[in-house]
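Line order of the protein sequences matches chains A and B. As numbered in the working numbering, residues 1 to 346 make up the first sequence, in order. As numbered in the working numbering, residues 1 to 606 make up the second sequence, in order.
No lab work stands behind these hints, which were simulated from the structure alone. Keep in mind that the hints are not guaranteed to be accurate.
Among the chain A residues that face chain B by a calculated CB cut under 7 Å, a handful are [said to hold, decoys possible]:
1. Ile83
2. Phe98
3. Val104
4. Leu105
5. Phe108
6. Gly114
7. Thr118
8. Trp133
9. Cys195
10. Thr257
Glycine included, every Cβ here is placed at the ideal spot set by N, Cα and C.
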Amino acid sequence: MKLLILIGLVLLIIAVHQLMRVIELSREFKKSKEWQITESDNTFNGKMMLTFMFVFFAFFFWQVDRWNDNSLPGAASVHGLKIDTLWDYNMYLIVVVFLITNGVLFYFAYKYSGKKDTKATFLAHDNRLEMAWTIVPAVVLAFIIIFGLKYWNEITDRSTDPNKLTIELYAKQFDWTARYAGKDKVLGSTDYRQCAFNAVGMDSTDATGNDDIIVKNEFHIPVNREIEFKMRSRDVIHSAYMPHFRAQMNCVPGMVTEFKFIPNKTTAEMRKDPYVIQLMAGINKARALRKEEPVEFDYILLCNKICGASHYNMQMTIIVDTEKDYNAWIAKQKAVKTIAAKTESH
Amino acid sequence: MAHDHTATLEHAGHHDHSHAHDDEHHESFVSKYVFSMDHKMISRQFLITAVVMAVIAMTMSILFRMQLAWPGEKFGFINAMLGDKWGKDGILNPNMYLALVTIHGTIMVFFVLTGGLSGTFANLLIPYQVGARDMASGFLNMLSYWFFFASSCVMLSSLFIEHGPASGGWTIYPPLSALPEAMDGSKLGMTLWLISMTLFIVSSLLGGINYVVTILNLRTKGMTMTRMPLTIWALLITAILGILSFPVLVSCVLLLICDRSLGTSFYLSDIYIGGRPLDNVGGSPVLFEHLFWFLGHPEVYIVLLPALGISSEVISTNSRKPIFGYRAMIGSMLAIGFLSFIVWGHHMFLTGMNPFLGSVFVFTTLLIAIPSAVKAFNYITTLWKGNIQYTPAMLFSIGLVSSFVTGGVTGIILADSTLDINVHDTYFVVAHFHIVMGLSAIFGMFAGVYHWFPKLFLRMMGKKLGYLHFWLTFVCAYGVFFPMHFLGLAGVPRRYYTNSNFPMFDNLVDINEIVTIFAIIGALSQGIFLFNFFYSMFRGEKAPQNPWNSNTLEWTTPMAHIHGNWPGALPTVHRWAYDYSKPGAEHDFIPQTVPLAEGEHDGGAH
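Just chain B, same shape as in the assembly (with noise of 0.2 Å):
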């Protein structure tokens, strides 16, 4: 059946090999690299992107916790970068602060970590994994990218307005972000929040549709759905969960538009304040907390889960051996998406929502550590008796690991609501969710961009640069987080300007000079990376056909960015995709394209 689609579509897109080249002659400047259709250009687009976006959220984290290490400290560069009105004589401005968290937040969970990290891989490989020509709709795709830019355009946008961006925190609940008298931020900045966000949803369903359609129906000859590779199980995965989850922030987002704008009260009740009583009677935050953590979990997954997807792909072949329980990771993963629905209370536990639906929410919170322990132990076991090579994108991956497991273990401490009361919102919190999700999320994708990055620019990135970045990088996000611990069980609220009004955080001042300590260190190492990614982009080494022997059928693909990907008949798929170091093969890897050999059994029997 897949197979009749693709040839429907190579029919109608004139995608066959004869019509490739007229295709290319045609090509201008703008079809080509501004407003493509093609799957590699938009991926790279999305890319480019991203690293904008995850430079200027990383640099507003260094201004902030220069604040919170040093406060009342004076520095010229604050001053030179927000001006006397936002840095006024190198102090950074407490409403200033909280912008700068909030924007932080914002960009590398939803810029970063969404748009990012979904937009580039899910382009890059669903269409090179599955064996298709392109993505269902080209046309939709194109769009995809232009709202996520068209998004990330508005947020920053807001940073150069008169009372400056949201400052509400990213969760943004009103009614702080739906009052402009609360604060500074809930004037211009949060419209433009809004705004930004309505179009970024946009841009994700238009992406996350196409994903599912082409995963579901270009799949190429053989390809069945216990034949593909584990990213594309978890990028199908991921775009369901986002299909499913964003349209409820698209409502949570509009009845918040509403009570700013519209004078309506879904959120709002009894308020006083600017000298006067507000008429809003009869809505509650909750409601808005409750819409937007349905969205707010599933979110977490949807950073999660294509990196847990690249790490399996590149932890396999690096390991030269099959990934460990290939159905046990696709059931892991399915129950992981499932139950990412139906947990999201535990955010909620301490917001007066009822105690007895808090418990609810604890069960199944703590059942989400069984399929998420499972897939921690299969990569152990993958690493077993393995003949690791190490590139720079398996140093990430087993960087991914570590922290999915450093990261994990105190979730089963906070998903615990009574262990919760008294950790909630603070360090403890920070901590846990930046080494799960954040440091999890970020070495997936850069363990993606070293290892397909012969596959997006045709060059490879230095590998001893990489191995530099990699652990500077990986010691120094320990370094950021794991002393916040400390700061939780010491009770230090998150989102403080500063902690020195509070006699009871005197004694921690060395925690905050350490923690921002490695944060500079941990910054600058990304100069390393920056250099490495945009310098291998134009003068890497010329990349050749497969230079990690590689399974997956993007390998298969020539080493140039053609229309349809393959220049002849799309190939046929006789295999999985792990076939590494099997007994009896003449390598340590079998193309998914090779036949089965006779008697020879497929998905790992032998």
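Chain A extracted, bound-state conformation (with noise of 0.2 Å):
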């Protein structure tokens, strides 16, 4: 077999060496060369130029026709819908800006495709032009960056709200814990060094950690109420990417990031959002061809930046109770009190 295929390789490889032979011996009778580009080339082209515009534009309004239901649901916090407005603005610019600019650059390329006897215009520049897409551009420009930078400082200010709830997001390779800060409303003191002693490398010696909460898997958040999120890591770089609620911030060891937000939908309200709904039908459908079970939403929190073999698996359910639930949640949960012991010894 694998003789044949040698063979047959082999008289392949004769076979075009042959018809190349051919190819070149009847370019010298030729006139023309093969490389010169003659009128019928700039005509099939530029026809070419405007086919592929036709093309790319219809690729474009089915691609947003067919996938942009499977975008994220609308935002479910507070600042989040501020995003999604600012976003949808500039999506329609660039989208305007795209259409047009490409539009005129494939027809300018299929009417100006070169003809014989047809000399170009000799315009080499125009300073009214030049300063009429130079200023546009600019004036803009300056309302992304000042509507932008708005809600970016809106975004990103300190929290100052009394009544917000802080919780910790402890990152390592390759899972979430969350830790909240108990009935003191304090989170204990870390030292990394203790890691080895408890999951999240809380200090033995700070009795303030001895009621804290720690969990996995899942959390719990309540909805309508500031939520503090400090984060850290253990080992490398992570990032807490919880996409429904346009929010993101990286856990850098050796430090402590912050990201905060409010949440206004739980859980069991997106379930029954008509966007989520069919969102979660297309999801089931895709999943019932591979026969795997349906499943319901959940609000996720995942790792969004490069931290090893098992990035692509590290992540955490959030669930947005109301007040009334939460608080019937976070009763349920254990204090650490890992700590009490040594405390004493201080």
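Combine both chains into one complex, guided by the hints.
So, in structure tokens, the structure goes:
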């Protein structure tokens, strides 16, 4: 079998070689050279440019039609709604610029494809035009910058809400841990050298950590209350990405980073949202094809900074509860208390 | 002044006509093809090395695209290529997936689009287009190539070691890249990556200094700065960016080497890994990110500017029109070059960097959109009322303008820190930079190869194969990268081995399949280019003196590779490079060596 393939390959090479020889010999007799550009080349490629434009735009709209409804649902946080609005305005703007600029480019490429006996117009510069396409983008960008920075400042301002709930997100290869402050509302201090003794490297000499609550796999937050996240990492950089809330911040070893948001829809409410229902229908349809169990919508925390071999599977479920449900859930969680014994010797 | 310097060089280098013949006789195989100091040969060495590297990096991308479209599916050729260790049963290993992503990015950004693109065209075009006998220092130029070659070899050798190559992403953020316990790729593979990059930077600096000196000092008589073709302006600004930013990468890499090998704590602090706490205290990975992106962002323009320069030249020549707004083009390139140094923080909005600092970077980054818009509109206006000659180079140049716009507009979203929050590090970013930087630069490189192939190899590339190559590549390129925006809108993070561990991504399988199918067709289409390239190199039709009726000086040199480029005296330049279809002229082009007629104005006035 291998021999046959080998013989076939050799024959193919010989055939191609002979063919090339014929082409090479025949071109000696031709007046025009293969590489020379003829008017029909120009016409052909000009038409191709126009065709491409239509195909490209059709492809664009086909994708929007088919895949835009796979996008994340509308934001489930107060600041996220603002981001969504800003996103939409920017998106409309860039789609218009994208369509017009590409459209003009391909149209000119078609319209001015070279013809015999015509001469291009000698036009070297025009200061008015240059000014126009310097000033117009500058003005548009000024608006983009002003609105962008206004929201950015609001989003990244330090939390001042006295009623806020502080949660620590602790990242390590390859899972997440959430820590709640407990009754005293103070997160116990940490010491990375003590990771061997407890999950998140809590300082065993600090009694304020005694009532802290540590959860894995899923964590709960109350709706309509400001959640302030303090993020830490044990080993490498991770990124806490909570796409449904339009929230993301890196977790950096040696630092505590922060992000805050106010969730405005409980998990239960989100599951009844019409967009989410159609989104989940699509997901479950795809799962059925692969003979997998249907799933319900859940908020999720994923790692969005390359962190090692299992980076692709570093996740935690987020449940947004009503205040009442949240209080019931948190009351059932056990405090860490591993620290008590050591504090006495201090 | 420029002329005096040239005369000195001629004298010192025995490069005038009477000696040229003697030199050729004394040349051995080694001095001609291996340790050549001739800019034309070095240019070809860079190009062919880059083509080899590009094929390797492209093949890698196909391997990981297969995994993304059909996770868990068994492919015999994956096992055949990677062996049982990395491709057991034909399924890509997660560590190898990250390694492939990392090395694909590294090779494409540095070896193909920096070393390959600048190395090829700066070497070929700078002496030719400014009217010089050769580079200012042929010896440094030779060293530049051989450091590049050594660096390529070290990078490729890391593919064959026990724990595999570097795999922390091409940005190699510590602590992941600093700690061998963190991943296999951070063992010997990362050491080799760092050695390779250090060699690469040496190569880049030797080349860059040479480019700048040659352009500033060896211009022939009459070649004022404002008569230089835009290719030369682009290459000059690129070289300056490289000289200013690459040394920062050296320090960045050096500190990482210290952290890895000498126990320092520049980037490391409070780490508990492999079951024990590390002693390192007080360092910060954010410092690394600052240093890395201080190179990393100018690097984007180091990749892009030569491509923009090439397309300026090709679009003007083949529209048979002057480039629209020559001085505005120079101004916008200078503005882009300057701004590229003060925008690096937009890669770091969410790293824990002070958000106020982020605001400053939002402002500077969005400013770059202005000169970029000027460039795009100037290209389009150059086509307006032109008489477009569709060479394959022209097709690729128009492709470049399209991808520059399409990828550029999403940059407006990503530069806005508020909007970046939710698409940072997702496929939206992957789509953005592949289109605006990857596609534009590689289209520019293809345009350059097709356009200057006659000067590189004295033969012509096949036109029809060029057309086929362009259209397949262009369609597939958008087919690969456009759908990725929608993955980003659905929140899919980049560098995930598979999306199948999250039910929320289960409805996106068809997007990944379409992307991969386009990628495979696109990759196979490059076979057409490779055939055309290597076949034409040996068997293509002999190139005439000036196949594209171009104005620039390189087309006045004989169609032979001779030492010193011009057999007699160096040409004298009398006009700018863009007198195409000038009213009153006999032909639709006037080479730069033609004196101005009485009453004729230079520089586009008429």
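Evaluation of the provided hints:
1. A cut of 7 Å between beta carbons decides the hint on Ile83 of chain A: the least distance to chain B is about 6 Å, and the hint holds.
2. Contact between Phe98 of chain A and chain B, as hinted, is supported at the beta carbon level, the nearest pair being about 5 Å apart and thus within 7 Å.
3. Given hint, Val104 of chain A at the interface with chain B, holds; its Cβ is 6 Å from that chain's nearest Cβ, closer than 7 Å.
4. The beta carbon of Leu105 of chain A comes within 5 Å of a beta carbon in chain B, closer than 7 Å, and the hint placing it at the interface holds.
5. Taking 7 Å as the C-beta cut-off, the interface hint given for Phe108 of chain A holds, the closest approach to chain B being about 4 Å.
6. A cut of 7 Å between beta carbons decides the hint on Gly114 of chain A: the least distance to chain B is about 5 Å, and the hint holds.
7. Taken as an interface hint, Thr118 of chain A checks out: its beta carbon lies about 5 Å from the nearest beta carbon of chain B, inside 7 Å.
8. Here the hint on Trp133 of chain A is kept, as its CB sits about 4 Å from the closest CB of chain B, short of 7 Å.
9. Of the supplied interface hints, the one on Cys195 of chain A holds, with its beta-carbon coming within about 4 Å of a beta-carbon of chain B, less than 7 Å.
10. Annotation: interface hint on Thr257 of chain A holds; nearest CB of chain B at approximately 4 Å, less than 7 Å.
Violation of the numbered hints given earlier is absent; every hint is satisfied by the structure.
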